[in-house]
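J.: Chain by chain, the residues run as shown.
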Amino acid sequence: MFGYYLDLALRSLRRNKALTALMVLAIALGIGASMTTLTVLHVLSGDPLPGRSGTLYYPQVDARDDSGIMPGKEPPQQVTEIDGFNLLHAKRADRQALMTGGSVPIRPDSAAIDPFYVEARYTTADFFAMFGAPFRYGHGWNAADDEAKARDVVISGELNERLFGGANSVGRTLRMAGSLFRIVGVLGDWAPSPHFYDLNTGAYGYAEQVFMPLQTALDLHVDHNGSSDCWGNGTGGVGRIYPSSSCVWMQFWVQLDTPAKAADYKEFLVHYSEQQKALGRFVKAPNVRLRDLMQWLAHMQVVPDDVRLQTGLAFGFLLVCLVNTVGLMLAKFLRRSAELSVRRALGASRRALFAQLLIESGVVGLVGGVGGLLLAVLGLWVVRHRPSDYAALAHLDPAMLLTTFLLALGASLLAGLLPAWRACQVAPALQLKSN
Amino acid sequence: MELRPILSTLRRHKTTSWLLILEIALTCAIVCNAVFMIGHRLQHMDMTTGIDEHALVQIQLAAIAPTPDIYARAREDLAVLRQVPGVQAVALTNQLPLGGTSSNASIKLDPAQREPTLSAGTYFGEDIPQTMGARLVAGRHLQPDEIVNADVVIKALAGGNTKGLPVAVTVITRALADRLWPGQNPLGKTIYLTAQVGVRVVGVLADLVRANAYNDTTAHYSVVLPLFMGAGKDQSYIIRTRPQVREAVLNAAVAALKKADPARVVTQQRTYDEVRGKFFANDRAMAGILVGVIVALLTVTALGIVGLASFWVGQRRRTIGVRRALGATRGDILRYFQTENFLIVSFGIMLGMVLAYGINLFLMMHYELPRLPAIYFPIGALVLWIIGQLAVLGPALRAAAVPPVVATRSV
Numbered sequence: 001m002f003g004y005y006l007d008l009a010l011r012s013l014r015r016n017k018a019l020t021a022l023m024v025l026a027i028a029l030g031i032g033a034s035m036t037t038l039t040v041l042h043v044l045s046g047d048p049l050p051g052r053s054g055t056l057y058y059p060q061v062d063a064r065d066d067s068g069i070m071p072g073k074e075p076p077q078q079v080t081e082i083d084g085f086n087l088l089h090a091k092r093a094d095r096q097a098l099m100t101g102g103s104v105p106i107r108p109d110s111a112a113i114d115p116f117y118v119e120a121r122y123t124t125a126d127f128f129a130m131f132g133a134p135f136r137y138g139h140g141w142n143a144a145d146d147e148a149k150a151r152d153v154v155i156s157g158e159l160n161e162r163l164f165g166g167a168n169s170v171g172r173t174l175r176m177a178g179s180l181f182r183i184v185g186v187l188g189d190w191a192p193s194p195h196f197y198d199l200n201t202g203a204y205g206y207a208e209q210v211f212m213p214l215q216t217a218l219d220l221h222v223d224h225n226g227s228s229d230c231w232g233n234g235t236g237g238v239g240r241i242y243p244s245s246s247c248v249w250m251q252f253w254v255q256l257d258t259p260a261k262a263a264d265y266k267e268f269l270v271h272y273s274e275q276q277k278a279l280g281r282f283v284k285a286p287n288v289r290l291r292d293l294m295q296w297l298a299h300m301q302v303v304p305d306d307v308r309l310q311t312g313l314a315f316g317f318l319l320v321c322l323v324n325t326v327g328l329m330l331a332k333f334l335r336r337s338a339e340l341s342v343r344r345a346l347g348a349s350r351r352a353l354f355a356q357l358l359i360e361s362g363v364v365g366l367v368g369g370v371g372g373l374l375l376a377v378l379g380l381w382v383v384r385h386r387p388s389d390y391a392a393l394a395h396l397d398p399a400m401l402l403t404t405f406l407l408a409l410g411a412s413l414l415a416g417l418l419p420a421w422r423a424c425q426v427a428p429a430l431q432l433k434s435n
Numbered sequence: 001m002e003l004r005p006i007l008s009t010l011r012r013h014k015t016t017s018w019l020l021i022l023e024i025a026l027t028c029a030i031v032c033n034a035v036f037m038i039g040h041r042l043q044h045m046d047m048t049t050g051i052d053e054h055a056l057v058q059i060q061l062a063a064i065a066p067t068p069d070i071y072a073r074a075r076e077d078l079a080v081l082r083q084v085p086g087v088q089a090v091a092l093t094n095q096l097p098l099g100g101t102s103s104n105a106s107i108k109l110d111p112a113q114r115e116p117t118l119s120a121g122t123y124f125g126e127d128i129p130q131t132m133g134a135r136l137v138a139g140r141h142l143q144p145d146e147i148v149n150a151d152v153v154i155k156a157l158a159g160g161n162t163k164g165l166p167v168a169v170t171v172i173t174r175a176l177a178d179r180l181w182p183g184q185n186p187l188g189k190t191i192y193l194t195a196q197v198g199v200r201v202v203g204v205l206a207d208l209v210r211a212n213a214y215n216d217t218t219a220h221y222s223v224v225l226p227l228f229m230g231a232g233k234d235q236s237y238i239i240r241t242r243p244q245v246r247e248a249v250l251n252a253a254v255a256a257l258k259k260a261d262p263a264r265v266v267t268q269q270r271t272y273d274e275v276r277g278k279f280f281a282n283d284r285a286m287a288g289i290l291v292g293v294i295v296a297l298l299t300v301t302a303l304g305i306v307g308l309a310s311f312w313v314g315q316r317r318r319t320i321g322v323r324r325a326l327g328a329t330r331g332d333i334l335r336y337f338q339t340e341n342f343l344i345v346s347f348g349i350m351l352g353m354v355l356a357y358g359i360n361l362f363l364m365m366h367y368e369l370p371r372l373p374a375i376y377f378p379i380g381a382l383v384l385w386i387i388g389q390l391a392v393l394g395p396a397l398r399a400a401a402v403p404p405v406v407a408t409r410s411v
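In order, the protein sequence lines correspond to chains A and B.
First residue of the first sequence: 1, per the working numbering; consecutive thereafter.
First residue of the second sequence: 1, per the working numbering; consecutive thereafter.
A couple of the hints might just be wrong.
[Stated by the list, open to error] Cross-link-like lysine-lysine pairs, in silico, DSS-like; alpha carbons within 30 Å at most:
(1) A:K91 <-> A:K261
(2) A:K277 <-> B:K155
(3) A:K284 <-> B:K14
(4) A:K17 <-> B:K14
(5) A:K91 <-> A:K73
(6) B:K233 <-> A:K149
(7) B:K258 <-> B:K278
(8) A:K149 <-> B:K258
Because the hints were derived from the structure by calculation, they are not lab data.
Let the sequences and hints guide you as you build the complete structure.
T.: Shown next as structure tokens:
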């Protein structure tokens with residue numbers, strides 16, 4: 001029976017070619033637009049470190065005086081240098097790293113390559129293990145190197161490719177910011193997106209090429225990039241002068257393996273704040289936060305508003321396309337009421353009519369769904385070639401492919417069920433009489 | 001035109017009619033809001049900067065090795081740039097209007113105030129308004145003897161001793177002056193950047209938009225402070241020239257700077273128009289997407305109306321024939337379908353207005369969009385009525401062409 005119904009459906013669809021094309025195109029456009037925007041939204045709100053993000057936390061303490069540019073009760077989004085090092089040296093977490101961003105000039109040994117600037121991260125030893133950064137060659141530095149202000153550097157695979165043609169460069173030297181550094185490690189492909197550990201550099205499409213010990217960087221007065229928020233007589237720094245002690249400009253991350261440890265750590269932050277208040281450094285009552293990675297991203301609202309808006313628009317458009325198709329399909333079926341009631345009079349059950357009509361509308365939905373998938377692939381290609389900073393991320397992953405498939409199926413069923421159900425309600429032979 | 005027969009026909013096609021009404025309502029609601037958002041974006045993109053945009057170019061440099069004296073370096077660079085043919089004026093600035101990365105300060109009117117009054121963009125440098133072409137409307141510009149090197153100020157602040165600093169003065173924008181002291185003369189008044197640092201207003205600029213001008217109301221709050229930042233990767237040389245020769249002057253200026261100190265790389269070299277274009281790139285893209293959505297929605301809806309009307313015409317051929325045989329003119333039939341469409345579209349618009357209002361309320365809560373002005377409702381209605389009438393015209397004409405003889409035939 002299925003083959004026969006399919007044949008009937010195709011015949012019927014062929015009879016109104018323009019209309020069939022319109023219905024298929026409307027569904028395809030709606031699904032294509034929705035899936036493109038939904039995929040972008042999904043990619044942008046994704047977990048940058050799957051499997052790890054649950055144990056990573058971003059402690060915030062409030063070192064401000066009574067007034068300040070950051071309103072409300074929320075503590076500053078970064079820490080001061082003093083608090084950063086205090087918390088780092090307290091070693092109360094399973095792992096911890098203090099960091100800030102910058103950029104450094106590199107002068108390659110080869111005269112053929114002009115000096116150039118790269119993005120850099122100044123951080124401490126635990127950074128790589130805590131964030132699971134993979135090493136292609138070598139390894140990171142250790143805590144002793146941090147304290148010794150070692151001239152050690154970890155470079156990205158990309159920089160290694162550019163400077164050394166991808167060869168193992170561990171042990172070689174690199175002239176940066178007027179000083180000589182020893183390469184101790186080369187990272188593999190690693191660019192968490194969003195750039196969760198420091199969102200001030202831009203959340204997407206940003207990756208450092210150079211990682212050096214924070215204390216080394218401070219010692220050499222290399223350039224600092226990112227946000228600095230100050231209060232009192234604090235100033236954001238200029239030239240070789242770093243932001244003042246009453247400025248927040250560093251990020252501090254901890255790894256806490258169990259929820260119990262996280263609760264303890266939060267208590268520690270309160271205790272630390274009280275202690276600093278007793279010392280006269282803090283003015284306010286303890287005001288701390290300990291968000292995990294995904295909570296931090298949600299709090300910072302990293303996903304651009306425009307991307308949400310586009311997704312909403314696309315789904316609105318899909319809804320209109322679906323209503324349009326349902327309406328047309330229904331009108332088409334009802335016009336065939338006479339034919340249907342003859343079939344009913346000849347003994348076809350309501351169920352059989354329903355099956356026949358559902359196949360016809362299902363074909364439209366399915367072809368539209370496949371078309372939508374193709375349009376989504378095209379749409380993502382267009383997004384990738386736009387100059388936004390998240391352009392490179394717009395790819396269809398298996399989860400989204402499945403979602404697309406389900407959406408297409410759901411849309412086609414929705415577009416098919418209602419018209420088929422409504423049309424097979426005809427009374428047998430009633431239509432025969434009127435003509 | 002008698003409405004009753006039309007209404008009773010529509011009642012017989014209840015589901016189909018409701019679907020069409022729903023489609024028109026959704027289209028109306030989305031289109032009203034989309035048009036409104038486009039207007040909002042265009043208005044934002046139309047922001048005035050108060051500067052001579054087409055005449056300006058920007059150069060940013062970063063040193064390969066630490067610079068021994070950043071202030072001497074910058075002074076020499078400025079002198080070098082002034083010698084470049086075609087350069088009319090040049091200044092070192094920490095930020096550009098609509099430049100994106102910004103420097104801001106919270107401003108108080110009373111040093112004892114707990115919460116700051118507002119946040120304003122802070123321009124540091126000498127000759128910034130003059131070079132950029134920001135017009136002075138009251139008072140005077142900052143004088144060369146008022147300019148202080150940044151490190152002197154930072155050290156004084158860090159030590160808590162600001163007494164030794166020269167008399168601190170500032171030039172502010174008119175928008176900021178009007179906000180801080182409505183209806184008063186701002187000249188001679190003092191604003192506080194910290195509890196200890198008060199600066200006296202000596203001049204008022206017609207406009208100088210801030211670097212992070214994301215909010216239309218606070219975009220024009222800027223102050224210019226007599227602080228010389230010295231050479232650095234975050235500082236820019238801004239050059240004024242004639243718009244016709246700006247590309248050539250930009251290249252010549254970069255060449256002159258590299259000759260003056262070869263140990264640096266050029267990190268930014270562009271006309272001010274590019275700065276502005278980049279700042280609004282997202283808004284432009286979004287406006288384009290919204291236009292695309294509107295066109296797509298109206299097209300789909302119009303085609304839907306054509307399709308449905310064609311069905312109904314085909315289905316009612318016999319009825320039309322009977323009406324024609326009973327004396328109805330072609331015009332009567334034409335008007336019948338046009339009126340039917342008008343009714344359906346009107347129902348859709350009514351429902352759509354309510355939906356549009358609801359969507360706007362949602363957007364106001366989540367996207368800081370203002371209320372949808374009432375003028376969008378009649379315009380949206382008019383557009384949909386016109387589209388509906390155009391879409392139904394073809395099928396209606398076909399219906400009008402049905403000959404009376406159809407009535408005598410059985411199907």
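J.: Now, for every hint given, state plainly whether the structure supports it.
T.: We went through each hint and held it up to the structure:
no. : hint              : in the structure
1   : A:K91 <-> A:K261  : holds, 13 Å
2   : A:K277 <-> B:K155 : holds, 26 Å
3   : A:K284 <-> B:K14  : violated, 66 Å
4   : A:K17 <-> B:K14   : holds, 26 Å
5   : A:K91 <-> A:K73   : holds, 27 Å
6   : B:K233 <-> A:K149 : holds, 24 Å
7   : B:K258 <-> B:K278 : holds, 26 Å
8   : A:K149 <-> B:K258 : violated, 33 Å
The structure fails hints 3 and 8 (numbered hints given earlier, in ascending order).
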